[in-house]
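*Asks:* Between the sequences and the hints, there should be enough to build the whole structure, so can you do that?
Protein chains: 2
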Amino acid sequence: MDIKGFTFSAVEAAVKKPGRLDLALIYSEVPAQVAAVFTTNAVKAAPVLLDEERVKRGTSRGLVVNSGNANACTGARGMSDAKETTALVAAGLGIGPEELLVSSTGVIGVPLPMERIRSAIPALVGTLGKSTLADVASAIMTTDTFPKLQSRAGVAGGVPYTVAGVAKGAGMIMPNMATMLAFIVTDAAVEPALLQQLFRDAVDCSFNSITVDGDTSTNDTALLLANGAAGNPVITAGSGDAAAFAAILNEVLLELAKQIVRDGEGATKFVAITVRGAASDADAKKAAMAVANSSLVKTAFFGQDANWGRIFAAVGYSGAKVEQLKAELFFDDVQMVRNGLFTGGDAEARGTEVLRKKDFTVTVDLHLGDGISTVYTSDLSYDYVKINADYRT
Amino acid sequence: MDIKGFTFSAVEAAVKKPGRLDLALIYSEVPAQVAAVFTTNAVKAAPVLLDEERVKRGTSRGLVVNSGNANACTGARGMSDAKETTALVAAGLGIGPEELLVSSTGVIGVPLPMERIRSAIPALVGTLGKSTLADVASAIMTTDTFPKLQSRAGVAGGVPYTVAGVAKGAGMIMPNMATMLAFIVTDAAVEPALLQQLFRDAVDCSFNSITVDGDTSTNDTALLLANGAAGNPVITAGSGDAAAFAAILNEVLLELAKQIVRDGEGATKFVAITVRGAASDADAKKAAMAVANSSLVKTAFFGQDANWGRIFAAVGYSGAKVEQLKAELFFDDVQMVRNGLFTGGDAEARGTEVLRKKDFTVTVDLHLGDGISTVYTSDLSYDYVKINADYRT
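Those sequence lines, one after another, are chains V and Z. Take 1 as the starting number for the first sequence in my numbering and just add one per residue. Take 1 as the starting number for the second sequence in my numbering and just add one per residue.
These are calculated hints, taken from the structure and not from any lab test. It cannot be assumed that every hint is accurate.
One copy or two, it doesn't matter: identical chains are merged, so the pair holds either way.
[Unchecked claim] Cross-link-like lysine-lysine pairs, in silico, BS3-like; alpha carbons within 30 Å at most: (1) 326 with 56; (2) 83 with 326; (3) 258 with 321; (4) 357 with 326; (5) 130 with 16; (6) 321 with 56; (7) 17 with 358; (8) 16 with 326; (9) 321 with 83; (10) 358 with 386.
*Replies:* Here is the structure:
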């Protein structure tokens, strides 16, 4: 995996505890176009507030990120710490602090241990280029059980380019351990307005289409840096190269999003929930999200119980338009409900077989229109409760 | 507890299995004013659809209710079964079938065992007056671990009257085992329009202010029958008697609602969440509900973890207006957050002490206005997962 013009480093700063990589740097040798999507939570962590300002510049040289501490609910000191972190790293790199973005994930309400971060920054800058994007993926983990990394190659105007990314999740977000983070880098040259649009669309179909527990954190951030170092002719809207780039970007983000769900806290199942035949795409997404977030549905998945009634009820309260006697429901290709009624026969036994698998699909067809949406979710297990009940102890 | 002009019966129909009361009748000797609130779920069970029609008459002679089967997602047959049930009971009572309401709670998507219900109806009608409202409370239980019953006495124009009610819950609702049901009877005479208004208000502050898992069932029903048999001068809007009646009605409903939360599936905690100082009451309720429904918050309650960050984050994504640096947060009277920041000192230790209690309060003050709302919830425990994962096995 070669992403031209990007270098990486990852070091141990012992932000929360020693013994692991927890401070990382993504650096672009030239200013990169930046696209970003931040948490919609009204309570935003200091690095999110700072980045929201800095991405307005349109370009960035990179990102410094720590795990172990979210720098959230830390007030004026939190903002000052975020600024100082970028200033120290930028000074080491010989760039302006405003050219650097910053992210944090971890415990909430506790100030960053700045003395340890200050001490680690010379090594972070000094080892730049000695680490890989995979090391960055490791450094941003919190309760994640595996690093999340994905890359795809493409060609534009005959010139090869790469799109690669890392992510962390675990809970859909954990306000305490905090956050869904995703950082994508590409050496492709892309028209700025097109890049923004494609990134927003890709986030909608990936990170905004997964849910582990329905909570939204103070730190959620998805960033894309495109530095054009591949040397391809700039990809412009409406071109075949734009369509190809969009497909590659979508693939990378969707794969990272799926990895987050698979690593959902305590997850034993990976379930793709599709609602089709809805009155609109928005209705389909509302209904799919209601199913994906229902604790009753998710405990039934954990219990391997082909409990279509709970899914039906969640669709019913989602706010989507529903005509009960038109709806169909499938587990994989086993039809459980036709015209709003249980199909009977061996459906219960065959549906239960599907639920015993680790990966399966739920499809609801509302037969009202062309609206369709797919959402990815996990089950709700004893371990989810254990991880979240015992987390700080 | 004497509610004039009402009689009750409860028998064993073996709807799901033998060995318990599961078919009950509430009967008023004279037509009673009826007020009703039904599920907002777009998927409604047959008895809900039938009752929605019948309450339009404005009066009713009573209600027949079964547990063990929700008669939901049962199509035309479900509606025909609901009608037949009321027709058979009404014939036994010598009243018109349209004068009788019907409720069902239990498994979804399975037709009612009508042969067993038909067989039990003569005993149901024949033993009318031999059972108490407490027997009705037992007969409507599903996964409830105790019957829910409450009554209060009042006086209007010097004449005593009673308001009494029963409820069932367990999950906030379980689309499979199904439903929050509440049936309230009073012998007070109340102006019809006033009765409707007071009942809607009381439901809003009670059954619509509790949550166990955030799901809304296909069968949720709250009914009030007021038959005037106490002989009081009719209670009219704006009077002192109306205010007193409203207070009593609110007390009965709120107490039943709290019993439902205490009996929430797997609940080990009872938590009253108040959001005050919100921009509006609606904002306060949105924020309190987001906290009460957050799986992360509820697992922290179970873990006795004074994790104010998760509560703060839930308020943040609730959609309510929030200015982070104004907010305060308390566990009972222990202040954890001031001006959006952790208060420090011994707050962590004292907050943890509060969380160790079985009953405690969470108060968030947004310092933005006069909006206030209190919502009641339970924790999310291993047993919630166990009960809901293993339910049908």
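*Asks:* Are the CA atoms of residue 17 and residue 358 at most 30 Å apart within a copy, between copies, both, or neither?
*Replies:* neither (34 Å within a copy, 33 Å between copies)
*Asks:* Is it within, between, both or neither when you check residue 321 against residue 83 at 30 Å Cα-Cα?
*Replies:* For residue 321 and residue 83, the Cα distance is within 30 Å only across copies (27 Å; inside one copy 47 Å).
*Asks:* Between the shortest in-copy and the shortest cross-copy C-alpha distance, which are at most 30 Å for residue 83 and residue 326: within, between, both, or neither?
*Replies:* between (56 Å within a copy, 23 Å between copies)
*Asks:* Using 30 Å as the alpha carbon limit, work out where residue 16 and residue 326 are close: within a copy, between copies, both or neither.
*Replies:* This pair counts as between: shortest inter-copy Cα distance 28 Å, intra-copy 54 Å.
*Asks:* Could you figure out if residue 321 and residue 56 sit no more than 30 Å apart (CA to CA) within one copy, between two copies, both or neither?
*Replies:* between (39 Å within a copy, 24 Å between copies)
*Asks:* Could you figure out if residue 326 and residue 56 sit no more than 30 Å apart (CA to CA) within one copy, between two copies, both or neither?
*Replies:* between (48 Å within a copy, 27 Å between copies)
*Asks:* Taking 30 Å as the upper bound on the Cα-Cα distance, should residue 258 and residue 321 be classified as within, between, both, or neither?
*Replies:* within (28 Å within a copy, 32 Å between copies)
*Asks:* Can you give me the call for residue 358 and residue 386, within, between, both or neither, at a CA distance of at most 30 Å?
*Replies:* both (21 Å within a copy, 19 Å between copies)
*Asks:* For residue 130 vs residue 16, is the C-alpha pair at or below 30 Å within one copy, between two copies, both, or neither?
*Replies:* within (24 Å within a copy, 67 Å between copies)
*Asks:* What label fits residue 357 with residue 326 when the C-alpha limit is 30 Å: within, between, both, or neither?
*Replies:* So residue 357 and residue 326 pass the 30 Å test inside one copy only (28 Å; across, 49 Å).
In summary, the structure is inconsistent with hint 7 from the numbered list given earlier, while agreeing with all the others.
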